[in-house]
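Asker: Go ahead and model the full structure; you've got the sequences and the hints to work with.
In order, the protein sequences belong to chains P and L.
When the first sequence is numbered by the working numbering, its final residue is 1031 and no position is left out of the sequence of numbers.
When the second sequence is numbered by the working numbering, its final residue is 1031 and no position is left out of the sequence of numbers.
Mixed in with the good hints, there may be bad ones.
A pair counts as met if it fits within one copy or between any two copies, since identical chains are not told apart.
Said to hold, decoys possible - Mimicking SDA-like on lysine to any residue, the simulated pairs with C-alpha atoms at most 25 Å apart in a straight line are:
(1) 745 - 729
(2) 975 - 941
(3) 700 - 811
(4) 723 - 930
(5) 723 - 1005
Everything labelled a hint here was simulated from the structure, so no lab data went into it.
There are 2 protein chains.
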Amino acid sequence: MKRILLAHGGGGEETRNLINEVFQKHLSNPVLDSLEDSAIVSMSTEKIAFTTDSFTVFPPFFNGGDIGKLAVAGTVNDLSVMGARPGYLSAGFIIEEGFPYDDLEKIVKSMKQEATLSDVMIITGDTKVMPRGHLNGILINTSGIGEVVYEGLSASNLAKGDRIIISGTIGDHGACILAVREGIDFELGIGSDCQALWKLIEKILNTGADLHAMRDPTRGGLAGVLTEWSDQSDVEIEILEQEIPVKDAVKGTCELLGLEPAHLASEGRVVIAVREKDADKVIEVLQTHPSGKEARIIGSVIASGEGRVILKSSYNTRRIMEPPSGELLPRIC
Amino acid sequence: MKRILLAHGGGGEETRNLINEVFQKHLSNPVLDSLEDSAIVSMSTEKIAFTTDSFTVFPPFFNGGDIGKLAVAGTVNDLSVMGARPGYLSAGFIIEEGFPYDDLEKIVKSMKQEATLSDVMIITGDTKVMPRGHLNGILINTSGIGEVVYEGLSASNLAKGDRIIISGTIGDHGACILAVREGIDFELGIGSDCQALWKLIEKILNTGADLHAMRDPTRGGLAGVLTEWSDQSDVEIEILEQEIPVKDAVKGTCELLGLEPAHLASEGRVVIAVREKDADKVIEVLQTHPSGKEARIIGSVIASGEGRVILKSSYNTRRIMEPPSGELLPRIC
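Answerer: Structure below.
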């Protein structure tokens, strides 16, 4: 089996071969192909969104995706939730010596596929190879730039009356990775929700709804997003527990392992805070798109002046929704 | 000693503490401080340069710098050599569980220091923690965006008559890292040349000289840059061996270890191809700047139609300057 060698990261002949045989073969476009020290592009606006994320997920292949798909989707989503049309991505690969060459190619192919779904181009990259034992597997950093098309979305922008919407079930990605690691994935058949959301979010931006904040609940999960919003906007958010969509298999995994679904990462969902009057319009648009079929309103902002998130059960008991803390799950995304 | 824990990468409370205590403490600026999923900035032009690089250097602290300084300088330089004024950087940290907290803080401080020298802001970031044994030490990815202020610099743009200039001695960074690893650094006292070159390159761009290409000779060294230029521009470059500035200690390290100085990485030098008539003007400007004092013309483009680099010795013998190949030096940058 052909494997990645230290020489592939040396900047010499072997690096050039790797670029030709894998990166250019699958990602080719005129900007990337120029292979200069920086990629040069024309943006159609001067207001630019810029973001970065490193992906360390282990194992790199999982039900519903792989580290390449995740790396593209994650950065596309981080631009999208800030109201930016994702334009261009960078890809920085850090690979352990001995990593299978074919696996790298599979990963790059799924990056291309996921990027194409959002009309995004990967235009600049970098590859480093770490000696065997200095790294376990493969890491990918993607950074991205996009044009801001909707201004004002911010974690500090929530106001009393806002409705809180989630675009689908929570925790699928986290539960999927956990299940593989615990060896219980075949029984449960959980797939990651990992997907780029730009096409869905574009539709929401185009509704004309008065959107206050959007975020993808990755590390830290739904509870992490809501806690941050309540803190930064200084508002009390009330969430109706029975309205949070969670797959049975995800619930089961959580019960087995003593975890909260609201702490698990999703990689293809968006949480939205929108003015009350526009909430139904947003739900309607979400539900007509395959990625938002299970969208629903899960709560609202009920007061301002004190930042906290209240979880209300179907028996009308109320408790604080705690943000995740402690060790959690390394290499989940 | 306080150490990095898995929880610092979990996206919960400990991650927020790390952001406050280290990243915001040293890198604070209004865009970074908003802590949204993407940073939003206004560029003053629609022509944008975008680049990415991952830094894996080992050890992370060395004579003349550390991985933080290197990560900022490297990306600033990749923008600068394409004629772009560096504007904004992202920083993606991947850290091994157990890494000393104070060392991370030192690294972040030197990132800030190096960024300030080029009037660059770090506006978005990400931190992942890998379980002990999954990674050796710390890795940093920096991506950067800048405004193109000088167009047309390209590896495929060299023409007959062009002069080839180097801004200073070659191989200092590579030799420095090697010497530490081989335990011969105290004898030789080699320091890395690692530095951001924007302020120097800005002066060159402002001379009005007809510049054809610029590149920083990092991985692959001077030989790597020249080979790529000769290939892509399909020209024959002749380099006068005795004109290449190399420190005695770097020569010594190379002799000891059987390496070529022209294959070793520099991290604070720029190679320039400029029209013959403007070469002296560029040299003059370089030499008045502390980072370019030892600048000199080391050769020229002598023919077109066949891509190769000829090294001419002081005895007038001529041989091909070979690009680096094989294993070279993992984790040199």
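Asker: Work down the list of hints and note, for each, if the structure agrees.
Answerer: Okay, the hints, checked on the actual structure:
1. 745 - 729: Both ways: residue 745 and residue 729 sit 21 Å apart in one copy and 13 Å across, limit 25 Å.
2. 975 - 941: within (19 Å within a copy, 73 Å between copies)
3. 700 - 811: within (24 Å within a copy, 43 Å between copies)
4. 723 - 930: between (45 Å within a copy, 18 Å between copies)
5. 723 - 1005: Only across copies: residue 723 and residue 1005 sit 24 Å apart there, 50 Å inside one copy, limit 25 Å.
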